[in-house]
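J.: Now for the letters of each chain:
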Amino acid sequence: MENIGNWSKCAFAFTVCLTVSSCSPYVYSEQVGKYNTAVSNLRSNYSATAESINNDSTLKDHMDWLIIRPELKLGLGCTGTAPKANPCALTMGSEVPTAPGSPPAERRDPKKDPKKDPNEILKVLNNYTAALVSLTNAEDSAAFDAAASKASTAVSSLAAAADLPLSAVIKPAGNFLFWLIGQKLDYDRLQALHETITAADPSIQVLSVALKTSLSGQNEKQQGNLLDLLGSQIKYANILATRKSNSDANYSTALDAAQATAARFAAVHTMDMEAVASSVGQAHTELKVAIMSNDGQWSALEGSFETLIDNVSALVKAANPPPVAPATKSGATE
Amino acid sequence: MPDDTSQHVEKINSERNKMLEALFTAQSIILAEIAATTSAGPYLSRLVDRRNAITMERNQVIDAADAAVLNLPTVQAALSNLEKLTKEATAEANVMKTTTDKITRATNLLNIAHKFTDLITTRLE
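The listed protein sequences derive, respectively, from chains A and B. Mapping of the first sequence onto our numbering: position 70 corresponds to residue 841, and the numbering continues sequentially without gaps. Mapping of the second sequence onto our numbering: position 56 corresponds to residue 71, and the numbering continues sequentially without gaps.
Part of the chain B face toward chain A, derived, beta carbon under 10 Å:
1) Leu38
2) Ile45
3) Ser60
4) Leu94
5) Glu107
6) Leu125
Simulated from the structure, these hints should not be mistaken for laboratory data. From the three backbone atoms N, C-alpha and C, an ideal C-beta is built for every residue, glycine too.
One chain only, chain A, in its complex shape (with noise of 0.2 Å):
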């Protein structure tokens, strides 16, 4: 009974499909593939940019002692009964480490506690994306249509070498056959994705709106760092400018690099965060309605792709701005 549900099923898909214009899923397979890349990078960059974050911390943290010198102690993480998570790493002041056998100080491992991580939406929303992509990748069903038809091939062989008396028309049959059958996993295919879609559209949306919160975040304390950063280069500089041993070589570089992290902070500040998480859920609302009306209306998908597309690179570019040419040189005497 199931084989003939089936059977009815795919001899509906083959009048669909022969009624339809565009019942193949592989059609969406670019835009979808936009709508991952964007995706993909949004993720990459948090990614890259927490990471940033941390090593602009611990550039801020040599600038300060290159002010200070100050007396340095073994942080929490240099025992041998520190967790994982923590690193160890110099500091100063009064953090010194747990004596042996204490417990540790605890500092939250993200890989614990993984719905705790702000980039836990943009990995599972990355995951989807990917999983789209499956379903309109086109090289599946040419390497179906392949394998159909060195199967067909194999069994005509076998009838001729077997001497069957219908040998001649085994191998059309078998094609038709294999043909149906394609057929048949394509509109799956393509039912999926209209289902996925729709049935995502909503919890899309939710996401995009707490994306706010978590890519807003992340965009503050990189601004909170960078300027303690810059603070910090812009007083070693002036330190610099007065101690009557130093050369311009080294207050030139001192300038450089405060001047590079006045230009990252430029471009993190005017990063509107809010604008790129809204369009992630925009660009898939526009998928959904040009996938599921089917007409070939693709100039608002196009619209909503450029602006997240737009809006990812954009953010890609400030946090990797090119470097600051270093005007002070020209002036410095080596």
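Based on these hints, arrange chain B on the given structure of chain A.
T.: Positioned in the frame of chain A, the structure of chain B alone reads:
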């Protein structure tokens, strides 16, 4: 548009931003004082400690807002729903690959059978 979620998130963001604004003011005052302090010494060290404490406080406020949003039931439900749909879509996408693998394996068997038939036929002739 998920109005309920939007309202909650906007409220959390608004509270967070108020706190960050206040801390930013404090951070700016300390940074100006650090810049104005001409010599290294205990006072400068204390200012740097204070600035670091403010930055830590800022980061904790941001983390708390992130956690509050991530813990919203609607956000958790959306994450779960999307994970479920992702699994289903991936499984559906793999059906064609599985079928292709089965056909390839069957073709290999047919080719072996073909060779076997050829061998038998040759021996019988």
